[in-house]
Amino acid sequence: MEEAAVLSRGSAGTDGEIDPPGLDPPAIDPPRTLLVPFSFWLARAAGASHQSDPPDPAALRDAIAAHLVGLGWPGAEPLRWAITAVDPLRGLQLEGVGVREDPAAQECR
Amino acid sequence: MSEAPPLPTLLVIPTGVGCAVGGYAGDGLPAARLLAAASGCLVTHPNVMNGAALYWSDRRIHYVEGWALDRFACGELALAPVAGRRVGLLLDAGIEPELRARQLQAAEACRATLGLSIGPVVTTEVPLGVGLSLGPSGSSWGTLERPDALLRAGEKLLAAGATAIAAVARFPEDPGSEALAAYRAGSGVDALAGAEAVISHLLVRHLGIPCAHAPALAPLSLDPDLDPRAAAEELGHTFLPCVLVGLSRAPDLMPLGPDDVTAGGWPGRPACVASASSGQESAEAGVVHGGAGDGPGRPGGGSRQAGGISGMEGAITSRSNESWGRADRWPAGRFGPGQGLMGARGLLEAASLGAVVAPGGALGGEAVLACAARGVPLIAVAGNPCLLQVNGEALGLEVISASSYAEAAGLVLALREGLEPAMLRRPLQRLE
Numbered sequence: 217m218e219e220a221a222v223l224s225r226g227s228a229g230t231d232g233e234i235d236p237p238g239l240d241p242p243a244i245d246p247p248r249t250l251l252v253p254f255s256f257w258l259a260r261a262a263g264a265s266h267q268s269d270p271p272d273p274a275a276l277r278d279a280i281a282a283h284l285v286g287l288g289w290p291g292a293e294p295l296r297w298a299i300t301a302v303d304p305l306r307g308l309q310l311e312g313v314g315v316r317e318d319p320a321a322q323e324c325r
Numbered sequence: 038m039s040e041a042p043p044l045p046t047l048l049v050i051p052t053g054v055g056c057a058v059g060g061y062a063g064d065g066l067p068a069a070r071l072l073a074a075a076s077g078c079l080v081t082h083p084n085v086m087n088g089a090a091l092y093w094s095d096r097r098i099h100y101v102e103g104w105a106l107d108r109f110a111c112g113e114l115a116l117a118p119v120a121g122r123r124v125g126l127l128l129d130a131g132i133e134p135e136l137r138a139r140q141l142q143a144a145e146a147c148r149a150t151l152g153l154s155i156g157p158v159v160t161t162e163v164p165l166g167v168g169l170s171l172g173p174s175g176s177s178w179g180t181l182e183r184p185d186a187l188l189r190a191g192e193k194l195l196a197a198g199a200t201a202i203a204a205v206a207r208f209p210e211d212p213g214s215e216a217l218a219a220y221r222a223g224s225g226v227d228a229l230a231g232a233e234a235v236i237s238h239l240l241v242r243h244l245g246i247p248c249a250h251a252p253a254l255a256p257l258s259l260d261p262d263l264d265p266r267a268a269a270e271e272l273g274h275t276f277l278p279c280v281l282v283g284l285s286r287a288p289d290l291m292p293l294g295p296d297d298v299t300a301g302g303w304p305g306r307p308a309c310v311a312s313a314s315s316g317q318e319s320a321e322a323g324v325v326h327g328g329a330g331d332g333p334g335r336p337g338g339g340s341r342q343a344g345g346i347s348g349m350e351g352a353i354t355s356r357s358n359e360s361w362g363r364a365d366r367w368p369a370g371r372f373g374p375g376q377g378l379m380g381a382r383g384l385l386e387a388a389s390l391g392a393v394v395a396p397g398g399a400l401g402g403e404a405v406l407a408c409a410a411r412g413v414p415l416i417a418v419a420g421n422p423c424l425l426q427v428n429g430e431a432l433g434l435e436v437i438s439a440s441s442y443a444e445a446a447g448l449v450l451a452l453r454e455g456l457e458p459a460m461l462r463r464p465l466q467r468l469e
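Residue numbers (the numbering used here), protein chains in the order written: chain W, 217 to 325; chain B, 38 to 469.
Just so you know, not all the hints are guaranteed correct.
Claimed, not checked - Short, incomplete list of chain W residues facing chain B, as computed with Cβ under 7 Å:
| no. | residue |
| --- | --- |
| 1 | 259 |
| 2 | 269 |
| 3 | 270 |
| 4 | 282 |
| 5 | 283 |
| 6 | 295 |
| 7 | 316 |
The set of hints was computed from the structure by calculation and includes no laboratory data. These numbers were taken from a predicted model, which means no experiment stands behind them. By construction, the Cβ of each residue, glycine as well, lies at the ideal position given by its N, Cα and C atoms.
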């Protein structure tokens, strides 16, 4: 660690320094941002008005958010997701990761 | 005869799904370069451009992180080119000292050899705890045990004047794993990719500035049969140089409209961040507001003026004051001469996209779906297979099929020249 500090402080110049002092926020326990992996099948009609219509990304985001609520994560939203399979019977397979921030933490934001 | 104007084109090669082109170590870059030449303006994401120690900088290519790319494609963000920006370095506390020193030396090299503006360096307060996983489809995904630590470190960098963030997290490794062997042999999925995307998505969503990620990993033993597509990751000790170069000219991210997903503001940017400590306030006064007077074209100046905290406060305020229109927030000409393809405000918006190019079996991402919904011509590259079979037929999407990226580039050029791509194929259908 000492070696790293020397490398940076000795040559960082005006660009910056390692861990600049005076910017430290308070300690961060417990976590207030949570990540929620998900995977589920969505009946095709939920993402399209007709079976053959392309899925509507806004409707899919809403469906993912609703799924996360069903998993016990109200307020969570999709962070990264994709349709990873299409099945004529089961619909669209959605995989991804949702993110939820503790509402109490958001009061400051 | 004058050259046709640029045709802004979106290139998407999803990460972590085993794409034959672009699923390894920046091996989508040749395709990106060709498409940039054909279109005159290419928007794409780090997975396409990042080749560890290898990179290519081209002013026609706009380096946009995946979360921001999705929001751009959905019409919720616009892109504002900048001359240069100051890239803060965010290091995971879980990185061992020697490996950390390697990251810092890579950053120093980019400063000394490429002249990039890099710094400061902030270390997370606790190890991030990266976890890797595979979804039911075989796609790589991942999570963090301490996303808060990541975001707090990002807030510190922003408060200290960084206008982009390169994050380096310690990733778990298993040198003997079958998955790694398959990847190095050119037949597997990049197991790290999903978690990398989650890290950069979190940062961009929280801070509203360009961010990208490089994993910290111990060097691997020599593999004489290494696939050429994975070779770029075995040239050096870090994967960081490409990220620093890409971010150094990544465009600013400008929220559009009152109904977008950033309508509540960037969570990590509002005043409460600035007032967390007196030291933060003083750093902000010296760096961010001081940058407000920088003129376009100065390294870092365009970025600070367009996307710094001062500018973003205006954007957030405008949401609660409907009489203050977008043109007031981002006046025309503010970002320099641009490339002749921006709107009156000097911004590149999704409405300007003339084509989107994606692997034929990976059309189920948000950016591609959003473009298709808007009627942007969708070029599906059948010659870039992946482990997914989410193609145009399965989704009910109308696509222009291309057997390779070379053909895709020809199609983009045809669109740019105002040619109907179908007229280049036989047989021709008669008019009815």
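For each hint, the structure was consulted:
Taken as an interface hint, residue 259 (chain W) does not check out: its beta carbon lies about 15 Å from the nearest beta carbon of chain B, beyond 7 Å. Interface hint status for residue 269 (chain W): upheld, as the beta-carbon distance to the closest one in chain B is roughly 6 Å, under 7 Å. Taking 7 Å as the C-beta contact cut-off toward chain B, the hint placing residue 270 (chain W) at the interface holds, the least distance being around 5 Å. Annotation: interface hint on residue 282 (chain W) violated; nearest CB of chain B at approximately 16 Å, more than 7 Å.
With its C-beta approaching chain B no nearer than about 14 Å, residue 283 (chain W) sits outside the 7 Å limit, and its interface hint is violated. With a cut of 7 Å, the hint placing residue 295 (chain W) at the interface with chain B holds, because the nearest CB-to-CB distance is about 5 Å. Evaluation of the residue 316 (chain W) hint against chain B yields a violated restraint, the C-beta minimum of about 10 Å exceeding 7 Å.
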